[in-house]
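Starting from the given sequences, assemble the full structure and let the hints guide the process.
Protein sequences, first through last, are from chains Y, L and A.
The working numbering puts the first residue of the first sequence at 1, with every later residue one more than the last.
The working numbering puts the first residue of the second sequence at 1, with every later residue one more than the last.
The working numbering puts the first residue of the third sequence at 1, with every later residue one more than the last.
Just so you know, the hints here were simulated from the structure itself, not pulled from any lab data.
Check before you lean on any hint, since a few could be wrong.
Stated by the list, open to error - Calculated lysine to aspartate or glutamate pairs in the DMTMM-like style (CA-CA distance at most 25 Å, straight line): (1) L:Lys11 x Y:Asp63; (2) L:Lys11 x A:Glu71; (3) L:Lys11 x A:Glu81; (4) Y:Lys100 x A:Glu81; (5) L:Lys11 x L:Glu81; (6) L:Lys11 x A:Glu14; (7) Y:Lys133 x A:Asp100; (8) Y:Lys100 x A:Asp96; (9) Y:Lys100 x A:Glu14; (10) L:Lys11 x Y:Glu54.
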Amino acid sequence: MHSDEPGPSGRRRVRRVAIVLSTGSYQREAPTTVLRLAEKLLERGIEVNVWAFEEAVTLTNQDQMEHNEPPSLRPVLGESHAPVGRFIDQLLRAGLHGAKMDWVTCILCAQERGVEKHQMGGAIVGTLGDLWKFVGGADQVIAIPAYR
Amino acid sequence: MAHRILVIFEKPIMLSFEPADPHLFATALGVADTPLEISVLLRDSAVTYAVSAQAVSARILGQEIAPSGTTPARLVTFMLEHGAVVRVVREDLEERGIPPSDLVAGVRVVGRFDTAEIFAENDGVILW
Amino acid sequence: MGRLLVVDSRDLTEYAGGRSLPPLIEELCRQGHDVTLFLVENGVIAARRGAAAGLSFDALSGTGVHILADEVACRARGIRELAPGVCLSDLDHLADKIADGFDNILWY
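Spelled out as structure tokens, the structure:
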């Protein structure tokens, strides 16, 4: 858990990290890395604020479904796989018992993609202003590039 | 009618909450389930798909996100087993320090200039 | 001087900007900053021994840059041997370093 003791470098330990994420999943590894890192930061008592922009607003679509893989590929792919939203939901719930993760989706991007009303419980539909509040209030800012 | 289809991969996608790169398994489905003659060309960073010693695994909150452990190499093998020709570009391998001995057996190594001939002998190209 | 983190998530040969990353890090180090380069996702492609994009890593490491490669990403790409100057690492290590604080983080 969090301590006010200085870290190994003698600096004041980090309390809050803002992560700006603009990419959706299923064809990028970036959301996987963000979730893996968020878990590690939460374990260390660090509050994680994710601001989801552009395609990243689909990550918290509550209607993601676990589906069967095509029959001819099941020997290779397996029967099915869990959607990314399940892992975000679990990380949001993990905050009940430790450091908290806030996940804010951009309202403009969510409306454009028709997912504003489909956000999972725990995800907050916010504004562009929330991006800059997260950035301004963070000890560390991590911005994942949205390269094509 | 397009019958001979060249499918080109340039950028590897790993650990994306799919069992594997969806473009790769969509291609594998075409190879296994259709009468089309599909061949695969791996170039640029995607030459890593042909490296045999891959192991895909990552956990979040103790849960494996890739429970099937499906590697791109496994899908390359699957396509080879179903009759597809899979080629990798030699210069792109060399730039990334990948010796041909590290590749999945059956993958053909071609030169960058051979790709013009490969392009010309097909009826359609899908570049993912 | 500053404590800086550069995370490379792309194959350094894939975008023109990637080729400018090692010189940027070299210059930051020359100016006296404490620089960590963490390779993740396709960024580890340069960490394979023999990769052209990683040829500068040994010299960078010699100037004091800490170069780390994510184990999960390396295993996924079948990287069994790392380029000189690169150490195998993981996101636990990265999180420890972030928890200790950087003056700036560039995620490429």
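* Asked: Can you name, in rising order, the numbers of the hints this structure does not satisfy?
  -> 1, 4 and 9
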